[in-house]
Amino acid sequence: MRALAFDTATEDLSIALGNRQELLGEINIKAGRSHLELLLPAINDLLGNAGMTAAGLDLICVGTGPGTFSGLRVGVATARALSQSLETPLQGQSSLAALAEGMADFAFGNMEELLLPVIDARRGQVFAQLYRTDAASVMAASGVFCEAPQDLIRKIAALTDRPVRAAGNGILSYFALFDQKPVQPLPAADRRHKVRAVYYLPAPGLKMKYDSRDLLDVLPAYIREPDADKTVLLRKKGIWL
Amino acid sequence: MILAIETSCDDTCAAVLDNGKLLASVVSSQDEFHARYGGIVPEVASRRHLELINPVIEAALSEAGVRPGQIGKVAATTGPGLIGALMVGVATAKAVAYAFEADFVPVDHLEGHIAANYLPPEPLEPPMICLIASGGHTSIVHVPERGSLEIAGRTLDDAAGEALDKGARLLGLGYPGGAELDSLAAGGDPDFTAFPIGLDRPGNLDFSFSGVKTALYYYLRKAGEQQACSRKADIAASYQKAVVSALIKKTISAAVQLDCRRICLAGGVSANSELRRRLKQECDRRDLRLRIPPPQLCTDNAAMIASAARFRPAIGYPGYLTIGARASGAFAP
Ligand SMILES: [Zn+2]
Numbered sequence: 002m003r004a005l006a007f008d009t010a011t012e013d014l015s016i017a018l019g020n021r022q023e024l025l026g027e028i029n030i031k032a033g034r035s036h037l038e039l040l041l042p043a044i045n046d047l048l049g050n051a052g053m054t055a056a057g058l059d060l061i062c063v064g065t066g067p068g069t070f071s072g073l074r075v076g077v078a079t080a081r082a083l084s085q086s087l088e089t090p091l092q093g094q095s096s097l098a099a100l101a102e103g104m105a106d107f108a109f110g111n112m113e114e115l116l117l118p119v120i121d122a123r124r125g126q127v128f129a130q131l132y133r134t135d136a137a138s139v140m141a142a143s144g145v146f147c148e149a150p151q152d153l154i155r156k157i158a159a160l161t162d163r164p165v166r167a168a169g170n171g172i173l174s175y176f177a178l179f180d181q182k183p184v185q186p187l188p189a190a191d192r193r194h195k196v197r198a199v200y201y202l203p204a205p206g207l208k209m210k211y212d213s214r215d216l217l218d219v220l221p222a223y224i225r226e227p228d229a230d231k232t233v234l235l236r237k238k239g240i241w242l
Numbered sequence: 006m007i008l009a010i011e012t013s014c015d016d017t018c019a020a021v022l023d024n025g026k027l028l029a030s031v032v033s034s035q036d037e038f039h040a041r042y043g044g045i046v047p048e049v050a051s052r053r054h055l056e057l058i059n060p061v062i063e064a065a066l067s068e069a070g071v072r073p074g075q076i077g078k079v080a081a082t083t084g085p086g087l088i089g090a091l092m093v094g095v096a097t098a099k100a101v102a103y104a105f106e107a108d109f110v111p112v113d114h115l116e117g118h119i120a121a122n123y124l125p126p127e128p129l130e131p132p133m134i135c136l137i138a139s140g141g142h143t144s145i146v147h148v149p150e151r152g153s154l155e156i157a158g159r160t161l162d163d164a165a166g167e168a169l170d171k172g173a174r175l176l177g178l179g180y181p182g183g184a185e186l187d188s189l190a191a192g193g194d195p196d197f198t199a200f201p202i203g204l205d206r207p208g209n210l211d212f213s214f215s216g217v218k219t220a221l222y223y224y225l226r227k228a229g230e231q232q233a234c235s236r237k238a239d240i241a242a243s244y245q246k247a248v249v250s251a252l253i254k255k256t257i258s259a260a261v262q263l264d265c266r267r268i269c270l271a272g273g274v275s276a277n278s279e280l281r282r283r284l285k286q287e288c289d290r291r292d293l294r295l296r297i298p299p300p301q302l303c304t305d306n307a308a309m310i311a312s313a314a315r316f317r318p319a320i321g322y323p324g325y326l327t328i329g330a331r332a333s334g335a336f337a338p
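Taken in sequence, the protein lines are chains A and B.
Our numbering numbers the first residue of the first sequence as 2 and each following residue consecutively.
Our numbering numbers the first residue of the second sequence as 6 and each following residue consecutively.
Keep in mind that the hints were calculated from the coordinates and are not lab data.
All C-beta atoms, glycine included, are put in the ideal place defined by N, C-alpha and C.
Keep in mind that the hints are not guaranteed to be accurate.
As the list claims (entries may be wrong) - Between beta-carbon pairs, the in silico distance windows are: (1) Ser333(B) with Ser143(A): 40 to 48 Å; (2) Asp228(A) with Pro132(B): 40 to 48 Å; (3) Met53(A) with Ser278(B): 55 to 63 Å; (4) Leu160(A) with Arg72(B): 52 to 60 Å; (5) Glu68(B) with Lys208(A): 28 to 36 Å; (6) Gly125(A) with Pro128(B): 50 to 58 Å; (7) Asp212(A) with Leu263(B): 49 to 57 Å; (8) Ser333(B) with Gly49(A): 28 to 36 Å; (9) Ala189(A) with Ser333(B): 58 to 66 Å; (10) Asp228(A) with Arg159(B): 27 to 35 Å; (11) Glu68(B) with Val145(A): 36 to 44 Å; (12) Ala189(A) with Thr219(B): 53 to 61 Å.
Bound conformation, chain A alone (with noise of 0.2 Å):
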């Protein structure tokens, strides 16, 4: 079983090759807003590393966010196209639970502590969402939060009273607010604030079959509408463009 999977839900890329027991290869950069330029270079890089062509996959998977809706547009648009022209299954997978299975330790798991994957929404909010742990896995506790820093400090702490520990990008862009109780951020050098692609890889043994009807459903988790007043175009269309 061989799988591609990325992630584009923030300015970081991550791409990885392979399955949960053998990672074939693993590219981390720093996109910045250049996905559309860096993604598939990458793509390429990472299966010709591994003397292999896009025709040789048996899965693709693909952060869906929440996070830049550009950026998660690029993936998800190179992965429907992928699978769409090769015949290869399709599956979406939360970039905040990438991020909470990075942080979790389940070697020396922690049950009672809660993880708290943070992702930067622009224009001062973030999205958010809990997760607890067993000794194998994750398992979202809440649902998606879309709130500025301080009113999600303030709703998690009405939620718990457990040690809550989070990581991500929108941690590192409001460190300082979200270092208080309940919250425990990790310090902010860690590498576990990034999505990895990693986590999406799917156990060896994973049977899909190609449906074309499938990839239709796979889509950004947006969360937030559109901004509609702020963008409304000057330059009305009608049927003139």
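Position chain B with the ligand against the provided structure of chain A, taking the given hints into account.
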């Protein structure tokens, strides 16, 4: 065989072209979504493109009856346009090219509009003058030969379609307004009142439509509601005449100045009945050949992108992998 993708504004389009023969052209319009907002919301357009692009490609491929292995080139509009919308099309097209092991051709949207004239029926060959008029752009382009272009004139402010739509809005017509303005004007007197033609000087091939729009605004304010209502068709006809006259005058003078005997239209404003009728008259009178592509090739579509891609160098693997999209800019080199 070329598979082309166009997502520069709010129509999601794919087409298949085989050696100049159009096998399929699919356009999925988003009008109903944007009508709700009274205009195009870029974020809404980008979201819809992502939902629609794969079914639109599938429809184009199956309508054309081609197998993926037969696609040698994948083309896409890389600009100008709404950046978020363009990115969906470019990301998709690059991934399709990568999966099919095809070459990639980046196409300029305006060059696509011109290349609609190379498609049947009655393809027109350069040298020619092309008037591109739409809601987003208004230019006069001199095409000495295929794949080579010189901009002879361009709008300094609003686009012609934008001017028509804004006029329609001032007259209280719906969205999209340009077509309604056109049909209302058909029953009106174009000489009822005179609206100004921007930059109306001999030898000037540029456009300005902000003045005519402002003139209409003040005319309606002064006329008061009652007169404006009873003479709505006449006002619409006079307004449309001013916009269309600018397009015709400058296109004809470009042909004269550049000594070019062929004129063609591109862009959605080509659907305007007043423009078609009067430009035909002017061309006949001067013995110029005029070509107006069928309406479905004038509005945004991917067939025109495929047509332009035939005359652009294709970029092979791995060169195209790093290609991006651009919101603005002149013709791609
Ligand atoms: Zn256009």
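Original post:
So the hint says 36 to 44 Å: do the beta-carbon atoms of Glu68(B) and Val145(A) match that?
Top reply: holds (39 Å)
Original post:
Do Ser333(B) and Gly49(A) keep their Cβ atoms within the hinted range of 28 to 36 Å?
Top reply: holds (34 Å)
**OP:** Return holds or violated for the Cβ distance of Glu68(B) and Lys208(A) against the range 28 to 36 Å.
**Re:** Holds: the Cβ-Cβ distance is about 33 Å, inside 28 to 36 Å.
**OP:** Look at the Cβ atoms of Gly125(A) and Pro128(B) and judge whether their distance stays inside 50 to 58 Å.
**Re:** Check passed, 54 Å falls within 50 to 58 Å.
Original post:
When you take the CB atoms of Asp212(A) and Leu263(B), is the distance between them in 49 to 57 Å?
Top reply: holds (56 Å)
Original post:
Is the distance from the Cβ of Asp228(A) to the Cβ of Arg159(B) consistent with 27 to 35 Å?
Top reply: holds (31 Å)
Subject >> Consistency of beta-carbon spacing, Arg72(B) to Leu160(A), with hint 52 to 60 Å >> reply: For Arg72(B) against Leu160(A), whose Cβ atoms are near 54 Å apart, the range 52 to 60 Å holds.
Original post:
Is 40 to 48 Å a correct range for the gap between the Cβ atoms of Ser333(B) and Ser143(A)?
Top reply: With a Cβ separation near 42 Å, Ser333(B) and Ser143(A) satisfy 40 to 48 Å, so the hint holds.
**OP:** Take a look at whether the Cβ-Cβ distance between Asp228(A) and Pro132(B) falls inside 40 to 48 Å.
**Re:** At roughly 47 Å between Cβ atoms, Pro132(B) and Asp228(A) fall inside 40 to 48 Å, so the hint holds.
Original post:
Would you say the C-beta atoms of Met53(A) and Ser278(B) sit inside 55 to 63 Å of each other?
Top reply: holds (57 Å)
Original post:
If you check the beta carbons of Ala189(A) and Thr219(B), does the distance land in 53 to 61 Å?
Top reply: holds (54 Å)
Original post:
If you check the beta carbons of Ala189(A) and Ser333(B), does the distance land in 58 to 66 Å?
Top reply: Given about 38 Å between the Cβ atoms, the range is violated.
Going through the hint list in order, the structure does not satisfy hint 9, though it satisfies all others.
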